[in-house]
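Using the hints provided, position chain B relative to the given structure of chain A.
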Amino acid sequence: MSFSLRNTFLVLFVAGLYVLEGTTDFWIFSGSPDSALKMLNFALISAIMALGVNLQWGFAGLFNVGIMGFVALGGLAAVLISMPPTEGAMAAGGWRVLLGLVMGAATIVLTVLVRAKMPAGTARVLATIILLVGGFFLFRWVFDGGVEGIEAINPALFGNIGGLNFGGENYKDYGWMAIVAWPVGGLFAAAAAWVIGKTALGLRSDYLAIATLGIAEIILAVIKNEDWLSRGVKNVTGLPRPVPYEIDLQNDPGFTEKAASWGLDPMTASTLYVKIGYSLLFTVFLIALLWLAQRALSSPWGRMMRAIRDNETAAEAMGKDVTARHLQIFILGSAICGIAGAMMVTIDGQLTPTTYQPLRFTFLIWVMVIVGGSGNNFGAVLGGFLVWWLWVMVEPLGLWIADVTTAGLDPTNWFAIRMSEFGAHMRLLTMGIVMLLVLRFSPRGLMPEK
Amino acid sequence: MDYLNALVALANFVIVPGLAYGAQLAIGALGVTMIYGVLRFSNFAHGDTMAFGTAITILFTWLFQSWGISLGPLPTALLALPFGIAGCALLVLGTDRVVYKFYRAQKAKPVILVIVSLGVMFVMNGIVRFVIGVRDINFADGERFIISARDFKEMTGLDEGLAIKTTQMITVVVAIIVMALLFYFLNKTRTGKSMRAFSDNEDLALLSGINPERVVLVTWLIVAALATTAGVLYGLDKSFKAFTYFQLLLPIFASAIVGGIGNPVGAIAGGFTIAFAEVTITYAWKKVLTYVMPESLEPDGLVQLLSTDYKFAVSFAILIIVLLFKPTGLFKGQSI
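Chains as they are written, first to last, in this note's numbering: chain A, 1 to 450; chain B, 1001 to 1336.
Here chain B stands alone, though its shape is the one from the complex:
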């Protein structure tokens, strides 16, 4: 029985990765939920929007690296992030002008917009592949660890190590900043309030003189910022590959819906719910349990509920359960 080691093992393999992944999902889900709230469709192209923003950020990171600019211990990508956001904003605004605006004017059914977003997904995916290729790209530089497992063991004298990657720390810090900014914007500023009004009741908002095109424009700008940030954080933490971003779509949708689609607080709660569910259900608990259980009860197997390859199944199962029992999500979202 060794609770301290058990706690450290738990923190190392479950809590820290879960927090970082949860923050990435939450920012991604915020983007999906914003589009749903204001433009009223599920954007299937969101994963590829993230990939595009990240690709531009990577290009700028390489440029800065070739100029010898760096942030010291922090990854250079943070410096390139604003440029990535700008590039992504240009792309989504262009898409809105060329594609979505026409359907908005027609008041097309949401399902038509979803199909249109499938087409946009194809095009964006093609553009990303053209811009940066399909290789696995690791663009994190700077210090790799804030604290490595070995240092932690030496410092504390425990058997278990706790490693915290710089990227994990950055993910959590950036996520908190992004969320604070977003909530300040939505709740305190005039534009933010007009967006919320538009999302609540479009006709009433139009009557009170809110300019719908401006609301849409600001929404796309915010979505570009959120998508790029989420994509860059995920890419720094894992690595960048065009195809994995498309696969992120499912957990991101699950997060947004589980939290209550259209509701920003819900998106954050949903992101962490999905992330922790995925990590805890696919984690092999043997190590932690060996510390906590008396010797006679120590488990023989890995005590892994599902193999890691089924992580999609986990987010999906939660999604289905929530949809069946609480269709508006954990926090009251829109349910049209």
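Here chain A stands alone, though its shape is the one from the complex:
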């Protein structure tokens, strides 16, 4: 892997953008190291998501627009692993909910088996309908009772089943469980991807897109409405974190002394310390995933994937199992998005289902991959950093444009009123224009595939 001059320049340019944000308050930059680090942390997460999408699109040509769903599932995993269990929830209905879910799954398995055994005809259709309808009502009867039990437990604070953190009241001391939750987030997303892939991967490319778009909405609807699982729109807050808390650092005499010796006040020093901690953790994950993806790309498996992408018919004629390979890479890519989703909930410290929007979590990641260079892992990561920077900075940029264009205008002027809201709306416009320009004039992205 040899970086050309052009690629080195691109990397330095993007790195420079982040350094400028942290060091100078000239023009649209804030000049606060804190905001630059925050931006960097989210850029790292975005880069991981872009890596996952690049695996699916760049390696295999799978058009997945349900990234938001996998990200949200990863976030759910962060709650279910790193939060402590709600006291009495299992007894009040947890087992019943589990039984209901098992029965629901059993209904589907049974129906599939019966359909496989019976000859096609009216009898089979009837049997399918009876099994599904009967199973559904049985499932709802068992399941609803359990849900009622769980949601009745102190709804203002809990009302959900909680997680697996065994620290009980002191669960925040077990911050390492948050890191455990990240790969579990990947597993959750992988399981969902398996189900989706099994049903939808045989479809043509734009049907797959519509199918994944729909599934993402459904996953989100579940997270928003199944209060027993995720507290729904009441949000889960106070998730434990793998890095120390600012307040603990400020109360630690050793830390304050150290901060003073650097010439920083304890407050600033503690927030920087926490953010740098996250940056290091995320960087480790990103590098590990990048290394794995790079190894996969240059392995015989990676060559096979690209051969399938470039000519499915020829690959199939050579004896490659196209559907199975597609399923494999769909699961892997989705799992990476799930990991990133769990990271995001950990750094936010809360799961807020209403913040998941397809424009932000699906289509923005697509812009990253396309701008960076689909088929090139480094390109996807670079795209992640660059587009995230743009996504954050477009708002101050929009405000600046609004200031310049309406200077001297009466503030009640129609144009001035519209422009005052311009900053907030410019994000989507800019993303769209950047995407269209790249697609038109540099369809292989900034760092094209070799």
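Be aware that one or more of the hints could be misleading.
No farther apart than 27 Å at their CA atoms in a straight line, the calculated lysine-lysine pairs in the DSSO-like style are these [to be verified]:
no.	chain 1	residue 1	chain 2	residue 2
1	B	Lys1109	A	Lys320
2	B	Lys1311	A	Lys224
3	B	Lys1326	A	Lys234
4	B	Lys1286	A	Lys224
5	B	Lys1326	B	Lys1188
6	B	Lys1241	A	Lys117
7	B	Lys1165	B	Lys1326
8	A	Lys450	B	Lys1107
9	B	Lys1188	A	Lys234
10	B	Lys1238	A	Lys234
11	B	Lys1311	A	Lys198
12	A	Lys198	B	Lys1109
13	B	Lys1238	A	Lys224
14	A	Lys224	B	Lys1332
15	B	Lys1165	B	Lys1107
16	A	Lys198	A	Lys224
17	A	Lys450	B	Lys1109
Just so you know, the hints here were simulated from the structure itself, not pulled from any lab data. Only a predicted model underlies this, so the values are computations on that prediction, with no experimental measurement involved.
Below, chain B without anything else, positioned relative to chain A:
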């Protein structure tokens, strides 16, 4: 046991809303299916095209209202609709010129066009937000009800009321007019026939001297008209919010595919299928069942199969079932 009250309750909560929503979806799906049939890609920007047309219509509605022009009992938006369509047509024709034409000349793969339409979606969404903001806008004026629940109860002496909103009636009437015009155009006029020929077999159509650019132009004009009409009807019935139009994309795609993508009759059938499925599955049947069932069998719960928040799941489940068992849709659509 009281069948009459049960029927009225059913009409009030299921049939009337289902018909109106179905008509809105059908017109939206017609737009998607036209683009698919002629330009051969799934247009992800359709929801935002609808939002843009509606936004322009709302601006003209406000203008007319400020001039004191109104349609009496009917919403002023109907008068502004042609202007909205014109604005939307300018936008989609501009988009076609600047964006899609290049890929058409290249004969790009459909999936590339879909990705391009994602970019267009972003831009249109940004434009809509800039033009009209992100607030919830209610622009329906005129008479609110043709018949309100209370009047209906007084008139008939029944316990259940049947309310029919003016907007629901307008939706259904406009939908019938739009569909009639569209089918007349596609089946009887020369341009319409050339469009169908182009959609069936592009090479053969080119050989017989059909001008492809003209077909594309007419298609975009029709799509602009359909998208704006669907958007305005939906906005009159519910309210206008840029983000909900993006979310309409899923049921609209589902309608087009369930009916058979590329087939206009299918789009209409699909729209009503999806709408009625959504309404019946998320409706709490307790009220209707209480009237119909003997007292001993009256249900305790709400008898709601799924909570309303899962309405996407319903359209989606139907979509998956159709794709798995009948990939060309209910009516024979294209399946490339």
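Hints violated by the structure (listed by number, smallest first): 3, 5, 6, 7, 9, 14, 15
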